[in-house]
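Use the sequences and the hints to build the structure in full.
So the mapping is simple: the numbering used here equals the position in the sequence shown, first residue as 1, plus 13.
Treat each hint with caution, since some may be false.
[What the hints assert, rightly or not] The following label-pair restraints were derived from C-beta to C-beta distances:
1. E108 <-> G66: 33 to 39 Å
2. F72 <-> A181: 44 to 50 Å
3. A106 <-> F279: 38 to 44 Å
4. G66 <-> G218: 34 to 40 Å
5. T109 <-> W87: 32 to 38 Å
6. F279 <-> L199: 27 to 33 Å
7. E143 <-> H234: 23 to 29 Å
8. P44 <-> V224: 39 to 45 Å
9. L36 <-> A181: 52 to 58 Å
10. R209 <-> P101: 40 to 46 Å
11. E51 <-> V224: 41 to 47 Å
12. R48 <-> T111: 49 to 55 Å
[Said to hold, decoys possible] With a straight-line Cα cutoff of 25 Å, these simulated PhoX-like cross-link-like pairs (lysine-lysine) come out:
13. K34 <-> K274
14. K274 <-> K205
15. K148 <-> K205
No lab work stands behind these hints, which were simulated from the structure alone. We put the beta carbon where it would ideally sit given N, CA and C, even for glycine.
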Amino acid sequence: MHRRRRDSQNENVQPDYSANKSLTLSWNEIPEWQRDNEFILGGYRRVQNGWSGCVASIFGYLHNETVNIHSHLWGALLFVVLLATFQPKYVGAYETATWIDTCAFAVFLLSAVFCLIASAAFHTSTCHSERVSAKCHALDYTGIVVLTVGSFVPCIFYGFYCEPLSQALYLIAIALVGAGAAYIVLDPEYAKPTHRGARTGVFIGLGLCAVIPVTQLVITHGATRLFSEMGFGWLLTSGALYIAGALIYATRIPERTAPGKFDCLFASHQIFHVCVVLAALAHWFCVLTAFDHWHSDSGVCGS
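Structural data, given as C-alpha cells:
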C-alpha cells in the first residue's frame with residue numbers, strides 16, 4: 014500500500030488510507046512511530062495531525078487506546094473529588110490537624126491527578142503526530158515519577174512524625190532520586206519500545222526506595238505497630254499492585270500469548286492502568302490510617 018509520509022515541512026499532510034475506509038487500522042498500516050507493541054495487531058487510530066480528531070476518538074469509537082484513556086481519565090476525576098473534599102472531611106475533623114497535614118494530603122492527591130491526566134493525555138495523543146506524541150510520552154513518564162515521589166511525602170511525614178531529622182533526610186533523598194529517575198527516563202532513547210524493560214526497572218527501583226525507610230520503621234517501632242497504626246497493610250497492597258502491573262506491562266501478557274486477541278480489551282497496558290489506579294487508592298487508605306492514628310488519642314510522640 015502506498016502511504017505518503019509526513020515531512021517536517023508539512024505536518025498537515027494526511028497519510029493515504031485509500032484502500033481502507035475503516036476508523037481503525039492494522040499494525041501493517043500504521044507509520045513506524047506509532048508502533049509500540051507488535052502483539053497488538055489492530056485497533057490503531059488514523060494519524061490526525063490535530064487534536065480535534067484525537068479528542069473525538071475518546072468517546073467516538075472503540076480502538077486500542079480506549080481503555081487506556083478512560084481508565085486514567087476517570088481515575089483522575091476520582092482523585093480530583095478526593096482533592097476537593099479531603100480538607101473538610103478529614104483534616105477538618107481533628108482540632109490537632111494543621112496546614113502541614115493539608116500539604117501532605119495535597120501533595121499526594123495532586124501527584125495522582127497529574128500522573129493520571131498526563132497518562133490519559135498521552136494515550137489520546139498517540140494518533141496526533143510523531144512530534145506531539147513524543148512530547149506527551151515524556152509527560153507520561155514525568156507523571157509516573159511525580160506520583161511515585163508524591164506518594165512518599167505523606168508516608169514519610171506520618172511514618173517519622175516524631176522524628177523531624179529523619180523526615181527531612183528522607184524527603185530530600187527521594188526528591189534527588191526522583192530527579193535522577195526523571196533524567197534517565199526522559200532521555201529520548203528510553204522512549205523506544207526496545208527499552209520497555211529498562212524503563213520498568215527504573216520505575217520499580219524508584220518505588221523500592223521505600224524499603225529503606227520502612228526497614229528503619231520496622232526496627233524502631235515493630236511491624237505490629239506499622240500494620241495497626243500506619244496502615245502498612247495498605248502500603249504493601251499498593252506496592253504489590255504497582256509491581257504486578259509493571260511486570261505485566263513489561264512482559265506484555267496476555268497479548269503475547271495470542272496476538273490480535275487483546276487489541277482493544279484486556280491487554281497488558283490496560284491491566285497496568287487499572288493496577289495503577291487501585292494502587293493509588295490503596296496508598297490513599299494507608300495515608301488516612303496514619304493520619305487518623307496521629308490525630309486520635311492514641312497518637313502521642315514518645316508512646
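Cross-check of the supplied hints:
A beta carbon spacing of about 53 Å between E108 and G66 contradicts the range 33 to 39 Å that was offered as a hint. Between F72 and A181 the CB atoms are about 46 Å apart, so this pair conforms to the stated range of 44 to 50 Å. As the Cβ distance of A106 to F279 is approximately 40 Å, the hint placing it in 38 to 44 Å holds. The hinted window of 34 to 40 Å between G66 and G218 holds, with their beta carbons roughly 38 Å apart.
The given range of 32 to 38 Å is respected by T109 and W87, whose C-beta atoms sit roughly 34 Å from each other. Range check, F279 to L199: Cβ separation about 30 Å, and the 27 to 33 Å hint holds. E143 and H234 have their C-beta atoms about 51 Å apart, which leaves the hinted 23 to 29 Å range violated. The hinted window of 39 to 45 Å between P44 and V224 holds, with their beta carbons roughly 42 Å apart.
Between L36 and A181 the C-beta distance comes to about 54 Å, which sits within the given range of 52 to 58 Å. The supplied range of 40 to 46 Å is met by R209 and P101, whose beta-carbon atoms lie about 43 Å from each other. Separated by about 35 Å at the C-beta atoms, E51 and V224 break the suggested range of 41 to 47 Å. One distance hint, 49 to 55 Å for the beta-carbon pair R48 and T111, holds here, with the actual separation near 51 Å.
With a C-alpha separation of about 22 Å, the suggested pair K34 and K274 falls inside the 25 Å cut-off, and the hint holds. Between the alpha carbons of K274 and K205 the distance comes to roughly 24 Å, so the proposed pair stays at or under 25 Å and holds. In summary, the hint linking K148 to K205 is supported, as the alpha carbons are separated by about 13 Å, within the 25 Å threshold.
Checked against the numbered hints given earlier, the structure breaks hints 1, 7 and 11 and satisfies all the rest.
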